[in-house]
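Protein chains: 2
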Amino acid sequence: MAHISSASEYVLHCLLYLAGGKAGVREASVKDLAELQGVPVEYLAKLFTKLNKAGIVVATEGVKGGFSLARPADSITVLDVVDAVEGDKALFDCKEIRARCAIFGDDPPAYATDGTCTIHAVMLDAERRMREALAQHTIASLAARTLRKLPAEYGPQIVHWLDERVGSRRGGRPPAK
Amino acid sequence: MAHISSASEYVLHCLLYLAGGKAGVREASVKDLAELQGVPVEYLAKLFTKLNKAGIVVATEGVKGGFSLARPADSITVLDVVDAVEGDKALFDCKEIRARCAIFGDDPPAYATDGTCTIHAVMLDAERRMREALAQHTIASLAARTLRKLPAEYGPQIVHWLDERVGSRRGGRPPAK
Chain D
4 MAHISSASEY VLHCLLYLAG GKAGVREASV KDLAELQGVP VEYLAKLFTK LNKAGIVVAT
64 EGVKGGFSLA RPADSITVLD VVDAVEGDKA LFDCKEIRAR CAIFGDDPPA YATDGTCTIH
124 AVMLDAERRM REALAQHTIA SLAARTLRKL PAEYGPQIVH WLDERVGSRR GGRPPAK
Chain U
4 MAHISSASEY VLHCLLYLAG GKAGVREASV KDLAELQGVP VEYLAKLFTK LNKAGIVVAT
64 EGVKGGFSLA RPADSITVLD VVDAVEGDKA LFDCKEIRAR CAIFGDDPPA YATDGTCTIH
124 AVMLDAERRM REALAQHTIA SLAARTLRKL PAEYGPQIVH WLDERVGSRR GGRPPAK
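Top line first, the protein sequences correspond to chains D and U.
For the first sequence, counting from 1, position 18 maps to 21 in my numbering; every step adds exactly one.
For the second sequence, counting from 1, position 116 maps to 119 in my numbering; every step adds exactly one.
No lab work stands behind these hints, which were simulated from the structure alone.
Treat the hints with caution; some may be incorrect.
[Said to hold, decoys possible] Calculated from the model, a selection of chain U residues having no Cβ within reach of chain D, i.e. all distances over 12 Å:
hint: 1; residue: G23
hint: 2; residue: E30
hint: 3; residue: K49
hint: 4; residue: N55
hint: 5; residue: K56
hint: 6; residue: V61
hint: 7; residue: T63
hint: 8; residue: G65
hint: 9; residue: S71
hint: 10; residue: L72
hint: 11; residue: P75
hint: 12; residue: D77
hint: 13; residue: A102
hint: 14; residue: D128
[Unchecked claim] Covered by chain D, per the in silico footprint, the following chain U stretches (three or more residues, Cβ under 8 Å):
hint: 15; region: 33-42
hint: 16; region: 114-121
We treat Cβ as the ideally placed atom computed from N, Cα and C, and that holds for glycine.
Kindly generate the complete structure, drawing on both the sequences and the hints.
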C-alpha cells in the first residue's frame, strides 16, 4: 500500500465537492458521495468519522443530512486531511540498528545511541519536506484548480444528481427542476 | 510497513561501513556485515543483490571476499540506495476516481481524465520534494557525519572484529594483531 493511500484520495475528492469546487455542493450524505464517485460506502463512512474527529467535517441535519466542512476550505490543508485519515504513519520507521553492533554485546555505549541516528535524520528531513508540500495546499486552492478544469455544466449536473437522490429518499419522486 | 523500510536502514548502515565512515573498512562479506549489526543474513544478501544490480556495490574476491562500493561514496546518494532496495514505490497510488463519477456512466468525458488529477499533482509535488531531500545526502556525507559522533577506538575495534572473522574462516586461528 502506498504511504498516502486511496483513503486520502477518496476523502479529498469528497471534500472538493463539499467545498463547492467541483459542483457548488455544500453538504451531502456519505452514501451519496460514495455512490457519486463509485467508492465503497462503508469504508467512506469510517473515513468521515475520522474527518469528523479531526474537526474537518461536521454532521448536518435535515433531509440532505450528511456532512459539510467544519471550517473554511482555505483553512483545511491537504496535510490536515492526510493526517486525519492515514493516522500517525512515519515515512521511515527507524529500528535503531546502530545499537545492535556486535562489538557492544548487550550493552551499547551512550555514544552509539545518543541523539538521532544520522540515517534517521535524513529520513526525517525528507518527511518534513513532504509534509511542508502537503501543508501548502488547501481544500480551497485544490477546489479552485479543479473548477478551472471542469465545464460549466458539470456543477449543475452534480447538484441535480444529488437532489434526485434526496428527493427519492423523501418520497420516491424526483424534485421539480 | 513504512514507505522507506528497514531494508534501507540495513543497507545504508552497511554502506557507511564500506565507505570507511564507521570504521575504515572498505570491503566485507554480507555475512559479516549482517552479524556485525544483528540483521538477518539471507535478507541482507538479497538486498546486496539489488545494490549490485543498481551499480552501488561490486563483489570482491579473495578471503575477505564480499562487497565494496562500486563507485566513490560521494557519488552514491541516499536516494540511489533507497530506490535500489525499495524499488519503484510511489508515495501515492492514484486510483483515478475522478473518472468514476456517476454522472459519466461508463464513458467519462475527456475533461474528466485529461492531464494529471489536481490531487495527484499535489502528491507528486510532495514526493518530488521528499526525493530531493534524499538526493542531497550521499554515503560520503553521511559517513563523515557518523564518524564525528564515534570515538577514535570504534574503527579499530570493528576492523579487529572483522579480521578475526576472516581469520577464523581461513584456518580457525585469529589473525596476528
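Outcome of the hint check:
no.	hint	verdict
1	G23	15 Å, holds
2	E30	18 Å, holds
3	K49	17 Å, holds
4	N55	21 Å, holds
5	K56	22 Å, holds
6	V61	22 Å, holds
7	T63	21 Å, holds
8	G65	22 Å, holds
9	S71	20 Å, holds
10	L72	16 Å, holds
11	P75	19 Å, holds
12	D77	15 Å, holds
13	A102	9 Å, violated
14	D128	5 Å, violated
15	33-42	holds (count 5)
16	114-121	holds (count 4)
In this structure, the earlier hints numbered 13 and 14 are contradicted, and the remaining ones agree with it.
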